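A.B. asks: Read off the chains here:
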Amino acid sequence: MKPTRNPWARTGAGLAWHLWLPVLLVAGSLLLSQQFSSHYFPPLRTIAEQTWVIWFDGGGMAENLLPSLLRLLAGFCAAVVAGVLLGTLLGLMPRTEEALRPLTDSFRAIPGAALLPIALMFFGTGEAMKIVLIAFISMWPIMLNTIDGVRSVNPTLGQVMESFKLRPLDRFWHIYLPAAAPQVFAGARTALAIGVAVMVVVEMFGTPGGLGYFIRHAQENFQVVAMWTGMLVLGVFGYLLNALFRAFEKRILNWHHAMVAHTQGASS
Amino acid sequence: MTDTNKAAPEPLLHIDNLGFSYGEKEILRGLDAQIGTGELVCIVGPSGAGKTTLLQCLSGLRPATSGAVRFRGRPIAGPPAEMAVVFQDYSHSLMPWLSALDNVALPLKSAGLGKKERQQRALEALEEVGLAGSEQKYPWQLSGGMQQRVAIARALAYRPAVIVMDEPFASVDAQTRADLEDLTLRVRQHLDITVLLVTHDIDEAVYLSDRVMVLAGKPTTVADMITVDLGRERDQIETKADPRFAGLRSQVYRLIRRPDAADAALAASGR
Chain L
1 MKPTRNPWAR TGAGLAWHLW LPVLLVAGSL LLSQQFSSHY FPPLRTIAEQ
51 TWVIWFDGGG MAENLLPSLL RLLAGFCAAV VAGVLLGTLL GLMPRTEEAL
101 RPLTDSFRAI PGAALLPIAL MFFGTGEAMK IVLIAFISMW PIMLNTIDGV
151 RSVNPTLGQV MESFKLRPLD RFWHIYLPAA APQVFAGART ALAIGVAVMV
201 VVEMFGTPGG LGYFIRHAQE NFQVVAMWTG MLVLGVFGYL LNALFRAFEK
251 RILNWHHAMV AHTQGASS
Chain G
1 MTDTNKAAPE PLLHIDNLGF SYGEKEILRG LDAQIGTGEL VCIVGPSGAG
51 KTTLLQCLSG LRPATSGAVR FRGRPIAGPP AEMAVVFQDY SHSLMPWLSA
101 LDNVALPLKS AGLGKKERQQ RALEALEEVG LAGSEQKYPW QLSGGMQQRV
151 AIARALAYRP AVIVMDEPFA SVDAQTRADL EDLTLRVRQH LDITVLLVTH
201 DIDEAVYLSD RVMVLAGKPT TVADMITVDL GRERDQIETK ADPRFAGLRS
251 QVYRLIRRPD AADAALAASG R
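Those sequence lines, one after another, are chains L and G. Everything in the first sequence is counted per the UniProt record's numbering, starting at 1 for the first residue and increasing by one. Everything in the second sequence is counted per the UniProt record's numbering, starting at 1 for the first residue and increasing by one.
For reference, chain G alone in the conformation it holds in the complex (with noise of 0.2 Å):
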């Protein structure tokens, strides 16, 4: 078994002392962590707690209110070129007039690439996912995994060093999400990218990673770090069956249960 942290890779995302409010209102504070090339780093959390805006601000989509994010040690202003985002809402990121071939060529058009080469790649990235065939089907045609498919394309075809994944498998049923995940470790590995991905699938995050970024707290802060020593090949059913998966899955757990915990055992003494 191949341990993947014990060099950290040189870090390619720097997050720095990060904090977001909206108005009064203070969602992230004082974030801090370092995302090293190659790395798959989940981001989980408990729902509202802010994680798609920490990922919009890590994208650039939005500008955090303080503190950084320093991409290759320079700090973002925008969406950087060498990052891809894959949404969660996969039936309103892909542009139903477009076939799926034409959906992954279009941020390659933008990019000044040939038509010959914007084809090429589309139809790599496609057959990358497992969809050669369908590259004529428009999005609608598609089921939802195949669709969520396509936008990993996309953002593969673009050939960034990160991707980003917004609860990229939240709206797909078991069996597809399952293959989804399997598909991101071995796209991973294939191709050595980056991968960023939020979920509050606690499961699925230590599947995933080899870092688990663990959001808890009001306002959010990083609860902790956990490095999966899980190796890099990773199976549905033999991971989740190994005694140190089940251990990090309630580590993880109790992280994100605990400030809940603390509210409900504040509010019972209060009355």
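This is chain L alone, in the form it adopts within the complex (with noise of 0.2 Å):
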């Protein structure tokens, strides 16, 4: 593609190479679907058609789409806070850490889904339980990452933070934090989408409300239709909150951005 000048004109362009082929996705599927007579897949123009009566009309944002939501919030930055300080604290104690290390490995090789039983047991069927488990499992990869991203502050900036004798506060917020960012936030954002799939899971095994539990109780009440709504909702929803990130982490990161295009223009 040329560069253009115009911005506006960039970010249409931009868009519109973004877009292209989920539209066009979706228009084949609208027309080749539209003759389908199987129970279990519903012409793609009903499920739209549901999809506003069951979620925008009947209120299945209030009653099943904000819990997820607000239960994912929760439990992704209990796993954001606890990843950063435990990744930050073994990234420092590298002796510690290779101790603890078999212990770290196990946990983390454990699928999250396994995990789940023993949440029940210990917390029940209600919201203790899923966000528990949401930020239990997703807190691994951010800590992996900060362990790795506390480790490549360089060695002179260590010297730096000794001889002008850094409080260890500000070493941490100014310092360590920053530098490990970038792996953070890559670890944050694989931590995302780990987070949705216990969320639906979590849902799916627990107390009414949320889009696992709408998606499986649709399920098994054969209403197939509503299911394919819940699939469709959670589909734009996953979509929606890892842009939301994405724009997130490029405003925080923007030093970093910009550091690597200047490096990369300066040596070509």
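Treat the hints as calculated values from the structure; they're not laboratory data. Nothing here was measured: the structure is a model prediction, and the numbers come from that model. Just so it is clear, CB atoms sit at the ideal spot from N, CA and C, and this is done for glycine as well.
Here are the simulated BS3-like cross-link-like pairs (lysine-lysine), alpha carbons at most 30 Å apart as the crow flies:
{"no.": "1", "chain 1": "G", "residue 1": "K116", "chain 2": "L", "residue 2": "K165"}
{"no.": "2", "chain 1": "L", "residue 1": "K165", "chain 2": "G", "residue 2": "K137"}
{"no.": "3", "chain 1": "G", "residue 1": "K109", "chain 2": "L", "residue 2": "K165"}
Here are some chain L residues pointing at chain G (derived, C-beta under 10 Å):
{"no.": "4", "residue": "F164"}
{"no.": "5", "residue": "L169"}
{"no.": "6", "residue": "H256"}
{"no.": "7", "residue": "M259"}
Hey, can you piece these two chains together into the complex? The hints should help.
C.D. replies: As structure tokens, then:
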């Protein structure tokens, strides 16, 4: 693509490039599924109409989407805080981290779903179980990436901190956290995807309310169209969440992207 | 011409029989020296002589394995608050996520200064090193020489009694290097600060110093402490054209070369 001068034209072109495939697929499915008569694969048109009826007209947003969003946010934020704090500590204490590695490695190797029965046993089917499980399972990639990020701090910078006697809190906020930020964000993006998956699973097994609960409940009651609307909403939900996360990351890591662009520009 | 070393200034830093070993390997042995308030002393020696190790011992970043370093009469354990270090590797000693101003101001935050005073001091320091107008730039947007100026400004803003510089101009081009040397002389004159500078460049050492500490031998010892009688005003062209400059330069060079020459002679006779 030729670089365009006008920023609006550039944004428009970028958006078009981003959207052509989904638009094409949706249009194609709309047309092709028109004639479907299978009970299990209703026409996309029907699903779209029902999505409007159930989720927008019928209050599905407040009843099932909002609880999902809030619980995901609560679990994810807890995962970020715990992952960054533990990761920073372990990153700064290599001996301890080595000693704990068999433990951390086996914990992260256990598939999240396997922990569900244990969580149900300890926390029941309510909100606590859901949030704890989302937080616990999505914490690992953040923690492991934070360890790497903290270790990437150059030894010279370590001497700078020593010789200028930086306070521990200043070291954390102004040295280790920004230095690790690119890796923390990479871990958090993975964690967000894991978090959505865990959210759906815990909702399927937990108390009413939430996307996962809605999908399972619809399926159990042979409301196939409703079930498909749940999938549609879940897809859009995941997409928007990821887009929001990227926008946030871009804002925070502005310096990093600019630096990378700058050094690449200088070397080429 | 003023003679700076007739009346020795009150010693600020005592190096007292200092030794350093990595395990079995002895790097520094029995170093003795005194550095007076307001002096500019260059530590010069061949590469691999342990210059950086010595500097780390002097700045409290690394404990000596024998002997002691005393700052204002007291043995140092850890970096003294009145000392600031400028590192060779400017690209890694500055924080790429902070502007030049914030890089300079961060140590002041840890020192407990309020936001206004931090900003004020950082701006002053950046102006002192000729970086007024580049405060908001990130380090990677600046040239190597300018980055090292930011590092010097950070040290100045800290208002130390001593600035310790580890091969600070080793990785910039010749013209920038001369500019930074003159900046160091000017700042030192202006702020009346003590400077300890490590270099492997003999010309640089003689050009900048009141006294040159020459390191040589294996393990490294102080071969000599040479007083540079060239006055406080130095000039890249005139000072370096002075016959006394050439004389001092040769004197340092001979001291540094001698052990290597001896080694070579030994190796030749052994064959």
